[in-house]
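Based on these hints, arrange chain B on the given structure of chain A.
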Amino acid sequence: MEERPGDEPPQLPPPSLWPVGFAVGIVCLLVGLVISWPVAAVGAAIALVFGFLWARDVTKGRPEAPEGSALPADEGPPAMPESEPAERFPRNRFLEGATLGLGALIGVIVTLPAAGFALLPGFLKQKQHKVDLGPISGFEENKWKIVTFVRDPTHGEISRRTAFVRNNGLLNGVPSFTILSNRCAHVGCPVQPGGPVFAKEEKTIKSHNGEVLITPMLPAAGYICPCHGGSYDQEGNRIAGPPVRGLDRYEFDIVNGRLVLGDLYSVIKVEGSGKTAKIKAVELHGPGQHADGPESWLYPLQPPH
Amino acid sequence: MAAKKSERRDKLQSAALYPLDWLEERSGLVGGLKYFLFRKVPGDTSWWHTLGSATLTAFLVQLVTGVILAMYYKPSPAEAHSSVEHITHDLWGGWLVRGMHRWGASVFIILMFMHMGRVFLFGAYKYPRELNWIVGVLLLATGLFEGLTGYLLPFDQTAYWATVVAVNINGTAPFVGPYLATVLRGGAEIGPDTLSRFYSIHMLLVPGALIGLIGLHLYLVVRLGVSSPPWSKEAAGGEPDDAPPPARSGLVQPGPRAAGVRRRPTE
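Here the protein sequences line up with chains A and B, keeping their order. Counting the first sequence from 1 gives a position; my numbering is that position plus 7. Counting the second sequence from 1 gives a position; my numbering is that position plus 105.
Just so you know, not all the hints are guaranteed correct.
As the list claims (entries may be wrong) - Which residues of chain B face chain A? A partial, calculated answer using Cβ under 10 Å: (1) 183; (2) 280; (3) 284; (4) 330; (5) 331.
As the list claims (entries may be wrong) - A few chain A residues that don't get close to chain B, going by computed Cβ distances all over 12 Å: (6) 126; (7) 231; (8) 267; (9) 275; (10) 305.
Claimed, not checked - Selected chain B positions facing chain A (Cβ under 10 Å, derived; list incomplete): (11) 147; (12) 264; (13) 265; (14) 271; (15) 298.
Hints listed in this document are in silico derivations from the structure and should not be mistaken for laboratory results. Even glycine gets a Cβ: it sits at the ideal position worked out from N, Cα and C.
Just chain B, same shape as in the assembly:
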């Protein structure tokens, strides 16, 4: 009886795993995902190390809500503001999705700065991770540019004059400033093309750049590994604490301590 049951279970299991095996054999994607999710990290990583993933989550929220808002938004001077009002007041759930996008933008920027502060204070930008710091700074700049271009889109008085001021500040950069301002506006003055220009930059150009940079950022994180916090005894070459806190194992796989794969620097 018992043997029969386990036989059925094996059959079920192999049936469930078959599609995954099929995919793995032809693409290696399953193994790649496993490598990404179950790669080794130092034993003393903490909640501070989650700020990067939090930023990524905020970015994904912006991506999804932005795509949905683009279904209803009309980037022309005559219609932009009324379409935003329509989204906010008339359409079902529009207030929520627009609110998520609007406030999520601030969350994204704040999380980027917190993540940056964590990396700085932990010294995690040092060799061999300098390049990832540089990629992160580029991400910060592109993220801020995303905020600048998105600010014009509601096309109310705040949006209009804030953009006038922002473009004119760019215009005061030495030598290239006047040309930079003209490129941003798409003309000598803010005109009908400026709004659609900002819209295109905001929803196509800059998000594309952000996705590419995030890919590079994550690749470098996986390749170089996560750094230990500065108080780590392990990273300082000492023995880890005698009585380590019980490993949180069993969630996805046996904890590193339980499995005995923890690498000591003395090895």
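If we strip away everything but chain A, and leave its shape as in the complex, we get:
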């Protein structure tokens, strides 16, 4: 049977080991991102070297034409007579351009507002809400309470959050509180007190934000996350498990003798305890995001919280 054009075998680059090395490097890099920086660096180096070799292999490995020495492309007779360019009228060209241009314009006009509506509301008006937790007298000195409250009354029960509150007594004549968020700094599960919770002594307070539930508890072993075993001491410092930092805290205010919660912030380290504790605070980070050390360079900008 005669050979037809297209019957010849496809021109493939010869098999090579470079892609395998490249893949190993990428895997090393990804694993390194999770476990340690030197491993990631080694992985990146391997991937770069093998990727370069692979790319070189693929680009240079075109087999030469089978017979004789090939003429340079600009010598010899043309393989195909150049086709006469079809006659084009200015009006023709104008219509083509107008169709493409108008089509693109319409596409942009329709797409941009829709995409903006889909994405932007989540970043705008994310103001934090003040939450009234009732009179200070509800919090005895040096006793821990589990407090649950509705953060945003317009959102209702789905915005119910939990904080662990301890009245530290007066510091320079001003009441001092330790208010921990119960959101684990690993992947955001709710941490639990490592000790008894006195559910029978639960009290309900009416406040501007709806019902606030206050339950006494004794976190003798600090706080423990039920999901993956992250543990924290009473000040919220991480002591074991996968969390990347300590528990977040709420700012607070005393207004007319009532305790009012403010914004959340993240905590790198707490030295000391109670009212004299030294808190190294940073902007609120999401769970699992390092707030200090080189890993924190991965999260340079936080969206509005």
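Then chain B, alone, in the frame of chain A:
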């Protein structure tokens, strides 16, 4: 007598075929469907080659049951869980359709992985089918995303906390993570809009993407043909077995061997 009978039969046949001919003349759809169904495949394809169709069937089941569930489901935080309970316990057949959708989701994912394993082990991803492998990987990713967004919809404690964890894991991606998490939640925290957002993504955005990708996937399958299994003597350039198993002909059309259209590599 006999001639009369066959005449009547011809008339009947042409009457039955008339609508098909009408359609074919105006759209070419009948010919296209015939081309799709009766295209040639290697003689030594096996049951392993049916995993792709099985995945497609699982997807169609998800599509149909999902559309029906959407008739009764209410994507608001206050009503979502009670509407799922209503579907499961009160409505006639609701437990069955919800169960099909729920377990069918796992079947779909498992079949995708099995299909992927078959393609990998048979080497069917090689030239000229690399692009179809890539489309398949995109299908796998979109399919998994479909599973992630669907998991929130029953809106019980499992659903809620699993979504919290999943979104926060996305939030740990370098540089874009915090923004990705905000986009997924539709805000800084999980709120009332998160549920309807996931619902919209789960039943409109991702299924649309899946249907488009499946169309592309099938187009490439038809265009490039099915690959022989690695043990195929035919594909290796040898003669096929002298005594091939009897062709399963007659089901839809004469088998390729019987019709003598089997193409040899030496031709």
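Now the hints, each set against the structure:
Contact between residue 183(B) and chain A, as hinted, is supported at the beta carbon level, the nearest pair being about 7 Å apart and thus within 10 Å. With a cut of 10 Å, the hint placing residue 280(B) at the interface with chain A holds, because the nearest CB-to-CB distance is about 6 Å. Interface hint at residue 284(B): satisfied, since its Cβ lies 5 Å from the closest Cβ of chain A, which is below the 10 Å cut-off. Checking residue 330(B) against chain A by beta carbon gives a least distance of about 15 Å; that is not within 10 Å, so the hint is violated.
Hint status for residue 331(B): violated, given a least beta-carbon distance of 18 Å to chain A, over 10 Å. The Cβ of residue 126(A) does not lie farther than 12 Å from every Cβ of chain B; its closest approach is about 6 Å, which violates its non-interface assignment. In this structure residue 231(A) is separated from chain B by more than 12 Å, as the shortest Cβ-Cβ distance comes to about 16 Å. For residue 267(A), the non-interface assignment is confirmed: its Cβ lies about 19 Å from the closest Cβ of chain B, beyond the 12 Å cut-off.
No beta-carbon of chain B is positioned within 12 Å of the beta-carbon of residue 275(A); the least distance is around 17 Å. A Cβ of chain B approaches the Cβ of residue 305(A) within 12 Å, the least distance being about 4 Å, so the stated non-interface status is violated. Evaluation of the residue 147(B) hint against chain A yields a violated restraint, the C-beta minimum of about 18 Å exceeding 10 Å. Nearest Cβ of chain A to the Cβ of residue 264(B): about 13 Å, over the 10 Å cut. The hint is violated.
Among the interface hints, the one on residue 265(B) holds; its C-beta lies about 9 Å from the nearest C-beta in chain A, closer than the 10 Å criterion. About 8 Å separates the beta-carbon of residue 271(B) from the nearest beta-carbon of chain A, less than 10 Å, and the hint is met. A distance limit of 10 Å between C-beta atoms decides the matter here; for residue 298(B) the minimum to chain A is near 8 Å, and the interface restraint holds.
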